[in-house]
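**Student:** Could you put together the complete structure from these sequences and hints?
Residue numbers (our numbering), protein chains in the order written: chain Z, 1 to 112; chain L, 1 to 119.
Only true hints are included.
Coverage of chain Z stretches by chain L, computed from C-beta distances (three or more under 8 Å per stretch; other residues unrestricted):
(1) 39 to 52
(2) 99 to 112
Listed next, the in silico DSBU-like pairs over lysine-lysine satisfying Cα-Cα at most 35 Å (straight line):
(3) K44/L x K71/Z
(4) K71/Z x K17/Z
(5) K54/L x K41/L
(6) K99/Z x K44/L
(7) K1/Z x K54/L
Note that these hints are calculated values from the structure, not bench results.
Just so it is clear, the structure is predicted and the values come from calculations on it, not from any experiment.
All C-beta atoms in this analysis are idealised placements derived from N, C-alpha and C, irrespective of residue type, glycine included.
Here are the chains, one letter per residue:
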Amino acid sequence: KNQVEQSPQSLIILEGKNCTLQCNYTVSPFSNLRWYKQDTGRGPVSLTIMTFSENTKSNGRYTATLDADTKQSSLHITASQLSDSASYICVVSGAGFQKLVFGTGTRLLVSP
Amino acid sequence: EAGVTQFPSHSVIEKGQTVTLRCDPISGHDNLYWYRRVMGKEIKFLLHFVKESKQDESGMPNNRFLAERTGGTYSTLKVQPAELEDSGVYFCASSHLGLAGGLTLYEQYFGPGTRLTVT
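**Tutor:** Structure (structure tokens):
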């Protein structure tokens with residue numbers, strides 16, 4: 001069964017600190033892995049997209065890594081800001097027309 | 001460039017009633033997707049249009065759900081009759097069309113969602 005699991009479920013960090021979110025997947029065949037940020041009441045917004053041949057990709061203070069052999073990914077947030085408070089969702093796509101399989105997300109709260 | 005828009009933002013209906021959700025994709029995007037998040041669960045795929053054709057509707061839960069995309073522009077998702085378990089947030093997303101059979105990566109842009117509550 002195609003699944004995406006994320007940890008932790010929730011996380012509280014102090015403003016300015018770094019954090020790392022984890023994602024494990026069993027989707028096969030694998031096409032690409034995406035990290036989305038979802039603010040409350042909004043739709044998900046893409047942060048990074050990586051194919052199996054990429055093992056790291058950055059978008060500002062966000063850096064995603066991918067290990068296609070172990071089927072693991074991480075999202076590292078550097079120097080967190082209050083605006084980083086949101087849900088972060090790992091999404092994996094199989095082959096073809098990019099049907100997406102979503103994780104349940106990690107809810108991040110950055111406190112002052 | 002305007003983003004994906006969805007209407008209404010919220011809908012509260014009684015069990016047995018009919019509700020129609022609307023999605024306007026980004027202009028020029030041939031791919032249109034519907035997703036749903038029910039309380040406490042992950043977002044799940046419902047179906048995928050390429051222009052006006054249904055490419056994949058494997059995620060549609062049952063025949064009470066009907067999606068259309070006449071003319072290949074906006075799309076509607078009708079739930080008739082609504083049941084309590086249909087409550088959740090319905091998201092629409094759109095993207096450019098990739099090469100046929102290829103693995104071209106096109107970002108999916110999501111709308112803000114429609115929160116449906118069936119009482």
